[in-house]
Amino acid sequence: MTAVLQLGTAAERGGGRAEAVGDFAEFVRMSMPGLLRYGHALTGNPHDSADLVQAVLEKVGSRWAAVQRKGDDPLAYVRRAMANTHISIWRRRRRESLVADFPDSGAVAPELSRLENEPLWQALRDLPPRQRAVVVLRYYENLSEAEIADALGISCGTVKSQSSKAMASLRTRLAKEGVTGGRTG
Amino acid sequence: MDELDDQLRKLFSDDRLDVHSPPVAAETVVRGAARLRRRRAAITGAFAVAVLVGAGIGLAQLGKARSDDTVSAYLTTATPTTSTTTPQTSVSTFTSTVIVTTNPPPSSNGGNPDTPGTGTRSDPKSDPPPAPPTPEAQPGRYGSLSLGMSEGDALATGSLVEPSTPADPENRCKAYATKSVPDSNAVIISPARGIVRITLASFAKTPKNVGVGSKVTDVKTAYANATQSGSNVVVEMNATPAWSYIFESDGSTVTTVFMRLNANDCAGV
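So the sequence lines, in the order shown, correspond to chains D and R. Note that UniProt numbering has the first sequence beginning at 1, numbered continuously upward. Note that UniProt numbering has the second sequence beginning at 1, numbered continuously upward.
One chain only, chain D, in its complex shape (with noise of 0.2 Å):
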């Protein structure tokens, strides 16, 4: 009880912020191909993924002391605040870049622009964003159901319904555009 008591704003007055920082500099550079990669994934946009990145990493490393005392992976933890921060505040912006359609797509590297094209990433691009974090978090993270309803703090039977919403709309685009995308067998 007394370490979780401890994790408020005493936690991060604390001592010995010198070497904590340190510390961050290093988790940070550990784990930022990671995330970014993770980022990308999840808000289906490079430049949204460095800014996701950056905030939630600077939000978290503002507290870094208390985040460290809680115990947890603190991987897991930058992960899931990404996810929730993407649900959260990403979804006004991931709606106005959904009208934008790819403004600048004469100065996209050749690779990122074949991804763009392909019609799954597309499909993954409209689904709202917690339908896509459950799928991210499914496909991307290998996490069980179980596991995305802890890390979207939504109760199993919400991930399993926003699963198979996401894996239905999926499914209808794709067959739309004549992709395979059904059931085989």
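Since the hints were derived computationally from the structure, they do not count as laboratory data. Everything numeric in this text was worked out from a predicted model, so none of it was measured. Mixed in with the good hints there might be a few duds.
[What the hints assert, rightly or not] Cut-off 30 Å, straight-line C-alpha distance, at most; resulting in silico cross-link-like pairs (DSSO-like, lysine-lysine):
#1 Lys165(D) - Lys179(R)
#2 Lys70(D) - Lys179(R)
#3 Lys220(R) - Lys70(D)
#4 Lys10(R) - Lys165(D)
#5 Lys70(D) - Lys215(R)
#6 Lys59(D) - Lys179(R)
#7 Lys10(R) - Lys176(D)
#8 Lys10(R) - Lys160(D)
#9 Lys215(R) - Lys179(R)
#10 Lys176(D) - Lys160(D)
#11 Lys174(R) - Lys70(D)
We have chain D already, so just place chain R on it with the hints.
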């Protein structure tokens, strides 16, 4: 096996996801984190001064409204039950009590404010408490906010500063700064249990005249039922719902005081 499952796994393992994110330098993030932390600290100081002035005005107005039964009821609660209080502390006791009681809205109409616990110490004169380590009976409220209050009611008081921030990684509980405590975790609200934590302003004292800057030993003297928990001192209150004062300290001096609902369900509160 579902073909879409395979397609999704393949897509997410595609190395094209790796490329073309604008680089985010670790130094930039570290600087940003330090900036956020400094901003929190700076705002805390500025607000504390502003609220201190506000409390002073409240003090002046209180002089006119001394006949208000609410105030006297709170003063009664604030009166130490032990008879060992030294006389020279009485002046500061009065001042601090005012700060604590200035904020409650004039909702309590008359002589019996909603103090669920007051019944337990029915008549101090005829029944002096022989053993001090009985929990204090004090309602879990501070200013216009009460422990257990729903988020909607709390927002309606106008004491919270929006927007909220997630109080835990799961985004279940929400943290708000308040008008008097700009720390982003000043008030934490659980979706199930309402307010589970209220941080006192840095200048505020509890009715027993302890607060930020008090010695840990003073806290223990003021509250006989205080228990040490790491560097924190926990003082349980006899009220409904049950709650505790948490005095965070650096080992000898109190650095933060907050009120915490005993039955809280937010991680890290």
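Now for the hints, and whether the structure bears them out:
1. Lys165(D) - Lys179(R): violated (42 Å)
2. Lys70(D) - Lys179(R): holds (28 Å)
3. Lys220(R) - Lys70(D): Answer holds: lysine 220(R) to lysine 70(D) is near 27 Å, not above 30 Å.
4. Lys10(R) - Lys165(D): holds (20 Å)
5. Lys70(D) - Lys215(R): holds (27 Å)
6. Lys59(D) - Lys179(R): Holds, at roughly 22 Å.
7. Lys10(R) - Lys176(D): holds (21 Å)
8. Lys10(R) - Lys160(D): holds (22 Å)
9. Lys215(R) - Lys179(R): holds (26 Å)
10. Lys176(D) - Lys160(D): holds (24 Å)
11. Lys174(R) - Lys70(D): Holds, because 17 Å separates the two Cα atoms, which is no more than 30 Å.
Going down the numbered hints, you'll see the structure goes against just number 1.
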